[in-house]
Amino acid sequence: MNMISLTNISKSFHVGKASQFVAVNDVSLDIEPGKVTILKGPSGSGKTTLMTLIGCMARPTSGRIVLSGMRAAWMASEEPAGVEITSLPERFLNDIRRRTFGFVFQQFNLLKGISVLENVMLPAYPTGEDHREFAKRAGVLLEQFSIARHASSPVEWLSGGELQRVAIARALINDPSVIIADEPTAHLDTALSREFMTIVGTLKKAGKTILIASHDPIVFDSPLADRVVEMRDGVITSSGPKP
Amino acid sequence: MNRTIERHKNILEFSLSSLLRRKTKNASLLAIYTLIVFAIASLLFFLSAMKREALLILKDAPDMVVQRMEAGRQDLVPLSYAKEIAALRGVREVKPRLWGYYYDSPSGGNLTVMTAEMPAGFIKIGSGVSRLRRATAADVIVLQSYDNEVPLMLEIEEVLPYESELAAADLVIMSELDFRKLFKFPQGHATDLALTVANPRELSTLAGKIVDKFPDARPILKSEMLRTYDSIFDWRGGMMLVMMIAAVLSFIIFAWDRATGLSAEERKEIGILKSIGWETSDVLLLKFWEGAVISLSAFFFGVIAAYVHVYFFSAPLFQPVLKGWSVLYPQFKLVPAVDTYQLGVLFFLTVAPYTFATIIPCWRAATIDPDAAMRS
Amino acid sequence: MIKTHRIRKSTVFLVLTIVNVMAFSLLMLHARSVQGRAGELLASSSRIARELQLTDLCLFTEARYTRHPAMGDVHAAFQDHPIALEHFPSGSLVPAPLPLVR
Ligand SMILES: Nc1ncnc2c1ncn2[C@@H]1O[C@H](COP(=O)(O)OP(=O)(O)OP(=O)(O)O)[C@@H](O)[C@H]1O
Ligand SMILES: [Mg+2]
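Chains as they are written, first to last, in the numbering used here: chain A, 1 to 243; chain B, 244 to 619; chain C, 620 to 721.
Watch out, some of these pointers could steer you wrong.
In silico lysine to aspartate or glutamate, DMTMM-like type, Cα no more than 20 Å apart, as pairs [said to hold, decoys possible]: (1) B/Lys-266 / A/Glu-156; (2) C/Lys-628 / A/Asp-226; (3) B/Lys-294 / B/Glu-313; (4) A/Lys-112 / B/Glu-508; (5) B/Lys-302 / C/Glu-670; (6) B/Lys-424 / C/Glu-659; (7) B/Lys-465 / C/Glu-670; (8) B/Lys-294 / C/Glu-659; (9) B/Lys-367 / C/Glu-670; (10) B/Lys-427 / B/Glu-392; (11) C/Lys-628 / B/Asp-525; (12) C/Lys-628 / A/Asp-130; (13) B/Lys-338 / B/Glu-445; (14) C/Lys-628 / A/Glu-129; (15) B/Lys-252 / A/Glu-129; (16) A/Lys-35 / A/Asp-226; (17) B/Lys-338 / B/Asp-306; (18) B/Lys-338 / C/Glu-670; (19) A/Lys-136 / B/Glu-249; (20) B/Lys-511 / B/Asp-612; (21) A/Lys-112 / B/Glu-509; (22) B/Lys-511 / B/Asp-614; (23) B/Lys-302 / B/Glu-249; (24) B/Lys-252 / A/Asp-226; (25) B/Lys-511 / A/Glu-133; (26) B/Lys-576 / C/Glu-659; (27) C/Lys-628 / B/Glu-249; (28) B/Lys-424 / B/Glu-392; (29) B/Lys-252 / A/Glu-133.
One side only, chain A facing chain B, incomplete, derived with CB under 7 Å [unchecked claim]: (30) Thr-48; (31) Met-57; (32) Ala-58; (33) Ser-62; (34) Arg-98; (35) Leu-111; (36) Gly-113; (37) Pro-123; (38) Pro-126; (39) Gly-128.
Quick caveat, the hints were computed from the structure, so don't treat them as lab data. Just so it is clear, CB atoms sit at the ideal spot from N, CA and C, and this is done for glycine as well.
Please build the complete structure, drawing on both the sequences and the hints.
Set out below in structure tokens:
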């Protein structure tokens, strides 16, 4: 099973300049596999930054992140002790990111003018996987999120809730074990936010590890949330009870 | 291996979707690009075929032609010149030629009259003349002679074969007798002298000797004819190129604008692609395909259309320029002459700059950190 | 189940490109084969050229110098319509006066 463990992670911006700023400061955290972890905290507390570090989108200034229970294409076999991702070369890091993480962004970040189906398939394109394989998976995902009838419409025709579901489907196309969602409900009304949490419930049931940054009570007060980690000024103030 | 192909195909797939978003814009871009390639390739095909044709004619041309100048203008050559030149060492044969131009005012055509061994009263005409005068074998053609009184009635013995148009469309071939009658051409004179020499390498020495002997003679060597031909095609070709330059320039500006002006939208898209797991090289590959799809298609469409235009339809679009104000224009079918080197250069110039112009501006955008999209 | 596996655009493009390359190669083959027969195609031209000792193509017949560019006078690189006044070099661009031509 997948497990992410952070040890003394710090991230500074503008290192060495007068404007140097520490966005994440000496954070240590274990993220349990198969659980829903919520990152909570005021604006500017470093939630997004921490998630980009976990999701291999950026490298920490210091500290170690170890992923265990995963296997990338370039690995001979699964590393039992986990992989220390902070020092991996760019290419390998990207490979891990593509296979292990699925991202749902606050602004959905879908490509305009491109069909729903193709938007969902986009993360699979550069992997070199057979088109038939991931097209089939995309079809299943669209069915699952009941947006199949929009498959060939451009994304701008869709409603907010539908867009959200397309974004989630896209995050799932490479069948990642970890879903990272940054403020996923910020643009949704209450009903749609609840719907989102329902989807989170299904994903959890499917065994995905879920990490959500949010200051929406619908998210962090949800019974689905196994653990709520609170952040302030780049530091974890309460890491919640370990489930 | 399979994965690499699949990756290319997948990314190509997205390039096409991306291009199809701006259907009209990219279609018009492709159309203009194709048109430019078409025009340039047509010109290349046409000129190389023409040069070939001209070379073929010149292959059998006399080694040297001697004209006589009078006050700086070409004049008739006394036959006495021919005898003296024939006596020079190295001259194999001197053939006095009788030829001239006849302006056919009813039709407006400018005919070339030449002489050959044939019975008086009969002519052979090029198929261009036949078309112009609507006359074929056994018809009689009337030419206005220079003494104004007697029009010359000449019966067409033969119309020269259609395949020879490019050399003979405007020819009227008659006997020496009729020629002299038509132009009141003085006895004992010829238009010029055609020389055959024993050793072509001695041509210039021989030319020197001729000028020494006859200061009013102007020898024209075969090599000079070849050079004239090269420059005449370059000149006509150049005129057409000048006209095309406007189109090419505006296209360059258009392409430049399209390719370099990376909009905020495109920048954002690249950020999104990076954040969902595309690498820098994937993004560059995407842009490569976006450029290559347009330029590759334009190249093939343009070149294929140009080939059909020039070699199947004899370059109808060039005729207005080539014709000038001539009434008599040969109908010809060109023998394809494809210069692989030129085509290669054209391919390179079509595909490479455009593709690079599409990739280069994305270079910086493609190297942004994948987390950028998280904060847009 | 929705139909996700339709004909791909990339396949269409690749097929189109292959067709293009094939058409291009066919034309090159055409060029070759015609060139192979060029001798007989051009035979009558070259026969006439040889017999009459022609020096030029009659591609441009509008003026003396264009019919026989190789015979042109060095001092008059451009000459004019048979009934136009000679004027250099615009004579090659400006047609003969209309009343005279008609
Ligand atoms: N690329 C960057 N350069 C400089 N400073 C940055 C950069 N990215 C983030 N920061 C700073 O780091 C701090 C933490 O930002 P982050 O986006 O992680 O906060 P957040 O908890 O996600 O806030 P919000 O709830 O508003 O999304 C902020 O003060 C931000 O200005
Ligand atoms: Mg944030």
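Results of checking the hints against the structure:
no.: 1; hint: B/Lys-266 / A/Glu-156; result: 17 Å, holds
no.: 2; hint: C/Lys-628 / A/Asp-226; result: 45 Å, violated
no.: 3; hint: B/Lys-294 / B/Glu-313; result: 32 Å, violated
no.: 4; hint: A/Lys-112 / B/Glu-508; result: 9 Å, holds
no.: 5; hint: B/Lys-302 / C/Glu-670; result: 12 Å, holds
no.: 6; hint: B/Lys-424 / C/Glu-659; result: 37 Å, violated
no.: 7; hint: B/Lys-465 / C/Glu-670; result: 17 Å, holds
no.: 8; hint: B/Lys-294 / C/Glu-659; result: 18 Å, holds
no.: 9; hint: B/Lys-367 / C/Glu-670; result: 13 Å, holds
no.: 10; hint: B/Lys-427 / B/Glu-392; result: 12 Å, holds
no.: 11; hint: C/Lys-628 / B/Asp-525; result: 18 Å, holds
no.: 12; hint: C/Lys-628 / A/Asp-130; result: 15 Å, holds
no.: 13; hint: B/Lys-338 / B/Glu-445; result: 19 Å, holds
no.: 14; hint: C/Lys-628 / A/Glu-129; result: 17 Å, holds
no.: 15; hint: B/Lys-252 / A/Glu-129; result: 10 Å, holds
no.: 16; hint: A/Lys-35 / A/Asp-226; result: 6 Å, holds
no.: 17; hint: B/Lys-338 / B/Asp-306; result: 11 Å, holds
no.: 18; hint: B/Lys-338 / C/Glu-670; result: 12 Å, holds
no.: 19; hint: A/Lys-136 / B/Glu-249; result: 16 Å, holds
no.: 20; hint: B/Lys-511 / B/Asp-612; result: 12 Å, holds
no.: 21; hint: A/Lys-112 / B/Glu-509; result: 11 Å, holds
no.: 22; hint: B/Lys-511 / B/Asp-614; result: 12 Å, holds
no.: 23; hint: B/Lys-302 / B/Glu-249; result: 55 Å, violated
no.: 24; hint: B/Lys-252 / A/Asp-226; result: 42 Å, violated
no.: 25; hint: B/Lys-511 / A/Glu-133; result: 28 Å, violated
no.: 26; hint: B/Lys-576 / C/Glu-659; result: 13 Å, holds
no.: 27; hint: C/Lys-628 / B/Glu-249; result: 13 Å, holds
no.: 28; hint: B/Lys-424 / B/Glu-392; result: 11 Å, holds
no.: 29; hint: B/Lys-252 / A/Glu-133; result: 14 Å, holds
no.: 30; hint: Thr-48; result: 6 Å, holds
no.: 31; hint: Met-57; result: 4 Å, holds
no.: 32; hint: Ala-58; result: 5 Å, holds
no.: 33; hint: Ser-62; result: 17 Å, violated
no.: 34; hint: Arg-98; result: 4 Å, holds
no.: 35; hint: Leu-111; result: 6 Å, holds
no.: 36; hint: Gly-113; result: 4 Å, holds
no.: 37; hint: Pro-123; result: 4 Å, holds
no.: 38; hint: Pro-126; result: 4 Å, holds
no.: 39; hint: Gly-128; result: 3 Å, holds
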